[in-house]
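> Sequence order for the protein chains is A and B. So the first sequence is numbered by the numbering used here: it starts at 1428 and just counts up by one. So the second sequence is numbered by the numbering used here: it starts at 2 and just counts up by one.
What the hints contain is simulated information worked out from the structure, not anything from laboratory work. A hint or two may mislead.
Claimed, not checked - In silico DMTMM-like cross-links for lysine to aspartate or glutamate, where the CA-CA straight-line distance does not exceed 20 angstroms:
hint, chain 1, residue 1, chain 2, residue 2
1, A, Lys1904, A, Asp1642
2, A, Lys1904, B, Asp218
3, A, Lys1904, A, Asp1850
4, A, Lys1904, B, Asp153
Unchecked claim - Computed footprint of chain A on chain B; a stretch qualifies when at least three of its residues, placed anywhere within it, have a C-beta under 8 angstroms from a C-beta of chain A:
hint, stretch
5, 2-15
6, 111-123
7, 143-154
8, 175-183
Stated by the list, open to error - Just some of the chain B residues that point at chain A, by a computed CB distance under 8 angstroms:
hint, residue
9, Met159
10, Ile162
11, Ala198
Keep in mind it's a predicted model, so treat the numbers as computed, not measured. Glycine is no exception: its CB is placed at the ideal position from the N, C-alpha and C atoms.
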Amino acid sequence: MLFNAPIFVLGFLPVCLAGYFLAGKLGGGRSALIWLACASAVFYAWWDPRFVPLLAGSVAANYAIGQRILRLAGGGQVRPARRWLTVGVAANLGLLGWFKYADLLLGSLAPGATPLGIVLPLGISFFTFQQIMFLVDSAQGERADAGLLPYVCFVTFFPHLIAGPIVRPREILPQFMAPRIAIPHADNLSAGLTIFLLGLAKKLVLADSFAPLADVGFNAAAHGETLTLIEAWYAVLAYALQIYFDFSGYSDMAIGLARMLNVRFPLNFDSPYQARDISDFWQRWHITLSRFLRDYLYIPLGGSRCGTMRRTGNLMATMLLGGLWHGAGWCFVLWGGLHGVYLVVHHATRRAGLRMPGGRALTLLAVIVAWVPFRAATMDATLAMLRGMAGLNGVALPQMIIGAIPSLAAIATPVPVLRFLGDARTLSFPEASALLVLGWGIVLLLPNVHAFSERARSLAIVGGFAFTLQALFFAPKVAPFLYFQF
Amino acid sequence: MRRLAAACLASQVLYGVLFGAVLDRPLSHGFLAQQIEARLARAGAIGSPKLVILAGSNGAYSHRCETIEPIVGLPCVNGGIAVGIGLDYLFARWQAVLRPGDVVYLPMEEAQYVRSRALTEMGPDAAIMLRHDRATLATLPQRWAGACFAFDLRALLMSLIERALVAGGFHDPRAAVTGRSNDWGDHVGHTPALGAASQAVLATMAPEHPPPAQIRDGYGTTLINGFLRWAGAHGVHAIGGLPTGFADSPIPEDEAAAIRAVYAANGAGFLDLPNRSRYPRSAFFDTPDHLSELWQIAHSEALAVRLKPALERSAETARTE
Chain A
1428 MLFNAPIFVL GFLPVCLAGY FLAGKLGGGR SALIWLACAS AVFYAWWDPR FVPLLAGSVA
1488 ANYAIGQRIL RLAGGGQVRP ARRWLTVGVA ANLGLLGWFK YADLLLGSLA PGATPLGIVL
1548 PLGISFFTFQ QIMFLVDSAQ GERADAGLLP YVCFVTFFPH LIAGPIVRPR EILPQFMAPR
1608 IAIPHADNLS AGLTIFLLGL AKKLVLADSF APLADVGFNA AAHGETLTLI EAWYAVLAYA
1668 LQIYFDFSGY SDMAIGLARM LNVRFPLNFD SPYQARDISD FWQRWHITLS RFLRDYLYIP
1728 LGGSRCGTMR RTGNLMATML LGGLWHGAGW CFVLWGGLHG VYLVVHHATR RAGLRMPGGR
1788 ALTLLAVIVA WVPFRAATMD ATLAMLRGMA GLNGVALPQM IIGAIPSLAA IATPVPVLRF
1848 LGDARTLSFP EASALLVLGW GIVLLLPNVH AFSERARSLA IVGGFAFTLQ ALFFAPKVAP
1908 FLYFQF
Chain B
2 MRRLAAACLA SQVLYGVLFG AVLDRPLSHG FLAQQIEARL ARAGAIGSPK LVILAGSNGA
62 YSHRCETIEP IVGLPCVNGG IAVGIGLDYL FARWQAVLRP GDVVYLPMEE AQYVRSRALT
122 EMGPDAAIML RHDRATLATL PQRWAGACFA FDLRALLMSL IERALVAGGF HDPRAAVTGR
182 SNDWGDHVGH TPALGAASQA VLATMAPEHP PPAQIRDGYG TTLINGFLRW AGAHGVHAIG
242 GLPTGFADSP IPEDEAAAIR AVYAANGAGF LDLPNRSRYP RSAFFDTPDH LSELWQIAHS
302 EALAVRLKPA LERSAETART E
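So here's chain A without its partners, still in its complex pose (with noise of 0.2 angstroms):
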């Protein structure tokens, strides 16, 4: 099930929330999250039945290893702990292995060979590192024995399921054990709504405009044609915005749908197209994702306290993971690749005690440019689009455009229409370029809706509402969220 599905918004929600509150009414907060794990296995179960076992398998094998990892931590038996730890981070890095990455490492090794065609279970990414945090905060002590409920729903709580925000143990098992849990708040259910419309506006309103401009674009480049400078570029530059604005929605449909049921989330996305450099880039993009790099992975592997060397060997296996966690394919490594070269440039210039002449544009032509790996189907691909941006296969603008300005033919060559930008019209060119000014407008110069006022986000819902409620259900199909493929 969708967060931008009817069903979900007039059907699954309300039945929801009424059912979460009146079990909290009747029977207290533990029937409302007994109600709430049922919810949240109907919402999971939507998709494909068949895998409500493996996340319930899942959510008790890890339950019980973090519980005996807990005994023996608590009881000082510290070498008994971390051998079950390794054995729980393992088979939970195994599971996401095998339905994940299986096709990727046959293809590299045997080329040629039958793929699998393993299907990847919806939220596996999302659900395995949940649980793998669990198991190392049972081993560090860092959190305490909230019983299998409030684990079942740490785990499965439908607002993260499966496409986060990921959050640790500590910030949410304690919510779930609060014995107010499930009595409504009026300011909790209002904000919680508006925050949900803003990031369905974002996803349905905003990345949907966008997702047409930059799939004609990086479909052409997989597809082998040639870009010129303005269809390649158009296309980056709206893909970027697409998939800021669909999963920076998702993120705020998943808090707001969780303040609406008393639960807090941690923000996921801050303005990232702000920074003011990569590093603050990474504080601002997907920061549970970030966090999780950072405390359960780089820190581990040593961070910054080994040396240069090591420090920049840790930060490109953080990066290079990162990417590999993506998806199963050699152009996500690549994305991750880029942004590690990035942040080790990044620390090396700040060390030298060097500053970066215009960092905030350069952060973002640096992230511009790492999305075309991240979103074109091959490497022959990504090479297209590079090729298109830098101009290698010339500029093309329309004919309408030259007429207008004659002094433009000096640069570039006039043609009907652009064969790979929109619809490919005689006035795509000034729709796609009025999207994107509107699009770059909003993330460079107004702060994320977290940070908007009362007032700001009463404008924006009057600004949004319309044009989502129109989206929601005459839109002629309905596009998923790009994370739920991760």
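Since the structure of chain A is already known, use the hints to place chain B on it.
Same frame as chain A, but now just chain B:
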């Protein structure tokens, strides 16, 4: 919560006022509306019996009433505009000007049969009806909700852009790039020279052919069925046909049979040309639905020669009845 409800309500009111009364798209929707009205005006002016070609842009680009009319000896109007125009709207408008004895030839694009209800309801005709043709909208209750919510963010931006372009004296380049419409409603001037820019695209284009089940069950087919039944009941002779397309990508036989069956089931005729309306890729202007001008004329001549006996039979039947 009250503040949120007020903001949602204000959003709806603002949306209704803006798209219902203020914003408009003179260059795109205005152009389409003008094309529709011009063809309907000619149909109204020439009386009956007449030949009307109804389809999407395949009608206008690949068929030429100017050529067909002298061969069949019947005044002709080309009602083809664009696939995006909802068939329910198209048929509703043309039913008002069709009279007993008229003949309608329908070389509908394959996409017309399988076009979904959701896509149909969100077509440009929704905005055209809401802003400029509420009389027709009133006759199509199934379109009311869609027409009121047919506007997305891109519609807002395009309204502003088109109004600004018009206000700035924008010179519409479409005629120079693709040609223009003549008095019959045919698209003319789409010469091979103008189409040269699209030849590379045409060379690699892979047309999709919907499976027969989709043709049978498509929402577009439902609308065509309704129109054919109406035509039969009102003495209008409907004749189906195949759209133009690439010779190296013929319509599969089972799909063509499904298309023919739509017309046969409603008592309408069907006209197959010996070449099944297939032409080499070099004959096309910019899409498989658009023959370039010389081939449009050739196709129309071939069609007219075969339409003539059917029209004479139709006239004979009408006289007898």
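> Against this structure, judge whether each hint is valid.
Evaluated hints:
A C-alpha spacing of about 15 angstroms is found between Lys1904 (chain A) and Asp1642 (chain A), which places the hinted pair at or below 20 angstroms, so the restraint holds. Of the pairs offered as hints, the one joining Lys1904 (chain A) and Asp218 (chain B) holds, with about 19 angstroms between alpha carbons and a cut-off of 20 angstroms not exceeded. A hinted pair counts as satisfied when its Cα atoms are at most 20 angstroms apart, and Lys1904 (chain A) with Asp1850 (chain A) qualifies at roughly 17 angstroms. Among the hinted pairs, Lys1904 (chain A) with Asp153 (chain B) is consistent with the structure: their alpha-carbon atoms are about 13 angstroms apart, no more than 20 angstroms.
Check on the stretch 2-15 of chain B: 10 of its residues sit with their Cβ under 8 angstroms from a Cβ of chain A, so the three-residue criterion for coverage holds. Under the rule that three or more residues need a Cβ within less than 8 angstroms of chain A, the assignment of the stretch 111-123 of chain B holds, with 5 such residues. Figure legend: the stretch 143-154 of chain B, annotated as covered by chain A; annotation consistent (7 residues with Cβ-Cβ distances under 8 angstroms, at least 3 required). For the stretch 175-183 of chain B, the stated coverage by chain A is satisfied: 4 residues place a CB nearer than 8 angstroms to a CB of that chain, which reaches the threshold of 3.
Hint status for Met159 (chain B): holds, given a least beta-carbon distance of 6 angstroms to chain A, under 8 angstroms. Annotation: Ile162 (chain B) was flagged as interfacial toward chain A, and the flag holds, the nearest CB pair being 5 angstroms apart, inside 8 angstroms. For the restraint placing Ala198 (chain B) at the interface with chain A, the shortest Cβ-Cβ distance is roughly 5 angstroms, inside the 8 angstroms limit, so the hint holds.
Hint violations for this structure: none, all hints satisfied.
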